[in-house]
Amino acid sequence: MRIPKQLVGAGCALAAVGLGIVLVQPTAGQAPAGYKGPRLANGKPDLNGVWQTINAANWDLEPHPGAPSPVLAFGAAGAVQPGLGVVVGNEIPYLPAARAKKEENARNWLTADPEVKCYLPGVPRATYIGHPFQILQSNDFVLIGYQYASASRSIPLRPRTEEAPVNTWMGDSVGRWDGDTLVVDSESFNDETWFDRAGNYHSDALRVTERYTPVDSNIIQYEATIEDPKVFSRPWMIRMPIYRRVEPNIQLLEFKCVEYVEELMYGHLKKR
Amino acid sequence: MSIRAVSLVSATVAALALLTAYPAAQAPTASSGAAAASNWVPAKTLDGQPDIQGMWINYDPTPFEVPLPTAARGGGGGGGVGPSTDFDDTAPRRVPRRRSMVVDPPSGRVPVLPWAEAKRADDLAKIQDHWVHQTPWDRCITRGGSPGGMFPGAYGNGYRIVQSRGTVAILYEMIHELRIIHVDGRPPISPKIRQWNGDSRGRWEGNTLVVNVGNYHDRGTIASNAASGRIRGIPHTADLQVVERFTIVDKDTLNYRVTITDPKVYSSPWTVEMPLIRDDSYQMFEYACHEGNRAMPNTLSAGRALEKQQK
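Chains A and B supply the protein sequences, listed in that same order. Residue numbers for the first sequence follow our numbering, beginning at 49 and rising by one. Residue numbers for the second sequence follow our numbering, beginning at 753 and rising by one.
I should point out that these hints are in silico values taken from the structure, not numbers from a laboratory. Nothing here was measured: the structure is a model prediction, and the numbers come from that model. Warning: the hint list may mix true and false statements.
Stated by the list, open to error - Here are the computed lysine-lysine pairs in the BS3-like style, where the Cα-Cα straight-line distance is at most 27 Å:
id: 1; chain 1: B; residue 1: 871; chain 2: A; residue 2: 318
id: 2; chain 1: B; residue 1: 1063; chain 2: A; residue 2: 318
id: 3; chain 1: B; residue 1: 944; chain 2: A; residue 2: 319
id: 4; chain 1: A; residue 1: 318; chain 2: B; residue 2: 1060
id: 5; chain 1: A; residue 1: 165; chain 2: A; residue 2: 150
id: 6; chain 1: B; residue 1: 796; chain 2: A; residue 2: 319
Using the sequences and the accompanying hints, generate a full structural model.
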């Protein structure tokens, strides 16, 4: 299913100005007329590099105000960052029972969000979880390495030949080029990951179609269409720009957060 | 489908592939002469690097160290020198058995200092007390991107190499470790940043990718898999320096040679060498280790239960 494309809000663009990123006003899902970005030797757009989103999507995909942290000690440092929302049409079309589950998730955020336990982030959350990620392109393969939890995705540029024999946290992805847009189809997810800290979630029927469209040498327009008939009444889409980290020495560092949650998860079992 | 079942299926496929495509596996010698003398010309990647991309495996029956005369076969502590005999469904894919993976010193024994062996033994005796006594693999942090992650274990020895502009990336099957080796000449990161897998800088010397790794912290172990025998669980320090040489010998053979220097732990540098074998039929699945780590809470809670019994 195709969802009508709209102009993105200027909010994210304005937020990025302060970081010294040169911006154009990106139109949604397609390169501006006449834009021809850098190419690989095989003629495909060169998306290699370290990228990061600038938004509050990991707090809540939908529009939301700021809020205090549920952990008193964090004060303002851990408070909820407000956001205009990244859902096209603003609202996620939950089925009624699923909406209730989402609200239960939100009430139990600290104990139920897989991010709190350093579990793999799933798709598309890995994109906007706040850490940089690196796109590595070869002729017939795209790897995406995410700094968060050393997560990664291995994306062969070919049609899917068979259904994955197991469901996984990061799903099973294949990619293809649609003009200058990298299209990634992902399926065979388990039902363990969330979309954000607000409890937005999915089932194991999730399918995600991502479109990475370079609109400037330093900006990728990113869209992800989410289908899950067990949880949503129709497919829906998120949209956000992804910005290149332009520092010449930029690289991913280790964020092996398992070490940061061992006391939280196992502390009650260690020897006293 | 269980991982083990998946392994069985792909093992059968791979066995056929090995028999046909790799009839005369050239095990590298201790001198590495075969690798160095190869004049095979690899293809070039999009940015002009020698192309070593693809799926590589190293199921290998070779003992990690030369066995002591009294040592029993099998992994684990004591005189064990690996590999584990537990997962024989991988047998058809194994490369020929050599004297030992350790090729230098010539004894084939790792020159580990006594304090480090004592620390390993002490940690192993305390794994029910606290997670810090367990290896990074048991904790599901990393099996080690370098060098431990390249030492073959009983299962999960798949490595996908993808080369992009200025990088060689290795996706390790074990705990989905994506290691990005920068080959664009950039300087190392600040010495203030210390990491489990350090920081890798590579360069091409002909058909050999030479990688220098530094910036380690001191919380890791040099090897975490039982197939490494008595070296499993040996700590390393922040002074650890690793030099790896990946040499493309022919279309289906990537020789791996690594030299480990850590003066507070070893009386001299030591070197491990093994072939990686191309197997494009090998299927690598997500190894979501931490997400399913029941061993950690079970190990610790068993320790607490024992304490109660003994009171």
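For each hint, the structure was consulted:
1. B:871 - A:318: With Cα atoms ~19 Å apart, residue 871 (chain B) and residue 318 (chain A) stay inside 27 Å; holds.
2. B:1063 - A:318: 17 Å, holds
3. B:944 - A:319: Roughly 32 Å separates the two Cα atoms, so the pair is violated.
4. A:318 - B:1060: 13 Å, holds
5. A:165 - A:150: Within the cut-off at roughly 19 Å; holds.
6. B:796 - A:319: 55 Å, violated
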